[in-house]
Amino acid sequence: GENVEQHPSTLSVQEGDSAVIKCTYSDSASNYFPWYKQELGKGPQLIIDIRSNVGEKKDQRIAVTLNKTAKHFSLHITETQPEDSAVYFCAASIRLTGGGNKLTFGTGTQLKVEL
Amino acid sequence: NAGVTQTPKFQVLKTGQSMTLQCAQDMNHEYMSWYRQDPGMGLRLIHYSVGAGITDQGEVPNGYNVSRSTTEDFPLRLLSAAPSQTSVYFCASSLPGTGGFTEAFFGQGTRLTVV
Numbered sequence: 104g105e106n107v108e109q110h111p112s113t114l115s116v117q118e119g120d121s122a123v124i125k126c127t128y129s130d131s132a133s134n135y136f137p138w139y140k141q142e143l144g145k146g147p148q149l150i151i152d153i154r155s156n157v158g159e160k161k162d163q164r165i166a167v168t169l170n171k172t173a174k175h176f177s178l179h180i181t182e183t184q185p186e187d188s189a190v191y192f193c194a195a196s197i198r199l200t201g202g203g204n205k206l207t208f209g210t211g212t213q214l215k216v217e218l
Numbered sequence: 342n343a344g345v346t347q348t349p350k351f352q353v354l355k356t357g358q359s360m361t362l363q364c365a366q367d368m369n370h371e372y373m374s375w376y377r378q379d380p381g382m383g384l385r386l387i388h389y390s391v392g393a394g395i396t397d398q399g400e401v402p403n404g405y406n407v408s409r410s411t412t413e414d415f416p417l418r419l420l421s422a423a424p425s426q427t428s429v430y431f432c433a434s435s436l437p438g439t440g441g442f443t444e445a446f447f448g449q450g451t452r453l454t455v456v
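Chains A and B, in that order, are what the protein sequence lines are.
Counting from 1 along the first sequence, just add 103 to a position and that's the residue number in my numbering.
Counting from 1 along the second sequence, just add 341 to a position and that's the residue number in my numbering.
Next comes chain B alone, as it looks inside the complex (with noise of 0.2 Å):
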């Protein structure tokens, strides 16, 4: 049972380049996420989405793109890297539960360093 898998866990990317951040479950959770934390701020949301082919912004959105075609992919994209972007990326799923009282599953993260 692999739960949240995120790949890849460590990336160096050099101003301006882009990438994608893959995220994938395999618990059929209609809710995933993308959040990025930082020293001292705890996690930000980034995007959010409650269900295939639905996406939303989250509280720090600016240079990130989003989309999801299937329930169990939601890829992040960086579309020209700052370092700005440093930071550690995490994804999570949930499913929406009653009344939304739902635990939220994280991967391992995403260890991204941009020069």
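Next comes chain A alone, as it looks inside the complex (with noise of 0.2 Å):
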């Protein structure tokens, strides 16, 4: 089955500088790559995501980039602020036959942004 590796597990910055986590996949038929936030006592909340056909996507102060042939894909957060403070999955997921899809989960990595 599908392996998803993550690091770094705990990550630590200074408000504004940028963070990077990085995530390598095993199965070349995953297709989708989400990405989590998790704040304290919630559950994990879609940040962003990309497809295997596109390799860079940005949103505002977040961007993902997927590498399909070293299977690799990252988390690019710039001008970090306190409130990205929070533990962010990376997953892979692999379409199901009759709908929906299986996602595979990283191990987090505990992001804190100080001041």
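Treat each hint with caution, since some may be false.
To be verified - 25 Å max Cα-Cα, derived SDA-like pairs, lysine to any residue:
hint, chain 1, residue 1, chain 2, residue 2
1, A, Lys-145, B, Gly-344
2, A, Lys-140, A, Glu-182
3, A, Lys-145, B, Ile-395
4, A, Lys-145, B, Thr-427
5, A, Lys-215, A, Gln-148
Read the hints as simulated data drawn from the structure, not as lab findings.
The task is to assemble the complex, starting from two chains supplied on their own in separate frames and drawing on the hints.
Following this line, the structure appears as structure tokens:
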């Protein structure tokens, strides 16, 4: 089955700096790569995603890049703010027969933005 | 608009007891799934369903049962609780989407402790 590795497990940056989180996946059939943000005591929430036919996607301060050949994808957060502090999960998705998608998650990155 | 609702939020069980974690969604999503979240291990898929009457196993199904009699509800049953099932459980739902590219919406989680 799919295996997703995520690094680093913890990341501390100064407010205003950039943060980068990297993930690798193993199954070339994965075709969708979402990123989730989880705040304390809450469920994960989608912040950005990318499909396998796209190399990069941006949404304001957040960007995701995908290298299908190397099977890795990354999350970039620029101009970090204290409210960016949370746990971030990458995931790789395989489409299921009959609909829906099966998500395999990375182990998470605890991002701390310090003042 | 409630989204995905999980009950209870917290539960303590004794080893050997059984219980059902409830999950309901009001978005008419066909696809629903259950994950468990353990420190350093990300979210792991327990069971999933692509529609009413259809369920399948994820990567860690042992000790859990599910059923899907309606589109809205997807309960997770622990048959005989064990300390290894101490975890935070998340239910998620999504539409099939085009090509399987679809956002998964998560509930707030159920924190289960088995003593």
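To see whether the hints hold, each was checked on the structure:
1. Annotation: proposed proximity of A:Lys-145 to B:Gly-344 holds, straight-line Cα distance about 13 Å (limit 25 Å).
2. Of the supplied pair hints, the one linking A:Lys-140 and A:Glu-182 holds, its CA atoms being roughly 17 Å apart against a limit of 25 Å.
3. Between A:Lys-145 and B:Ile-395, the direct Cα distance comes to roughly 28 Å. Violation of the 25 Å bound is thereby established for this hinted pair.
4. Only pairs whose Cα atoms come within 25 Å are accepted, and A:Lys-145 paired with B:Thr-427 is accepted, the gap being roughly 18 Å.
5. Between the alpha carbons of A:Lys-215 and A:Gln-148 the distance comes to roughly 18 Å, so the proposed pair stays at or under 25 Å and holds.
Of the numbered hints given earlier, the model fails hint 3 alone.
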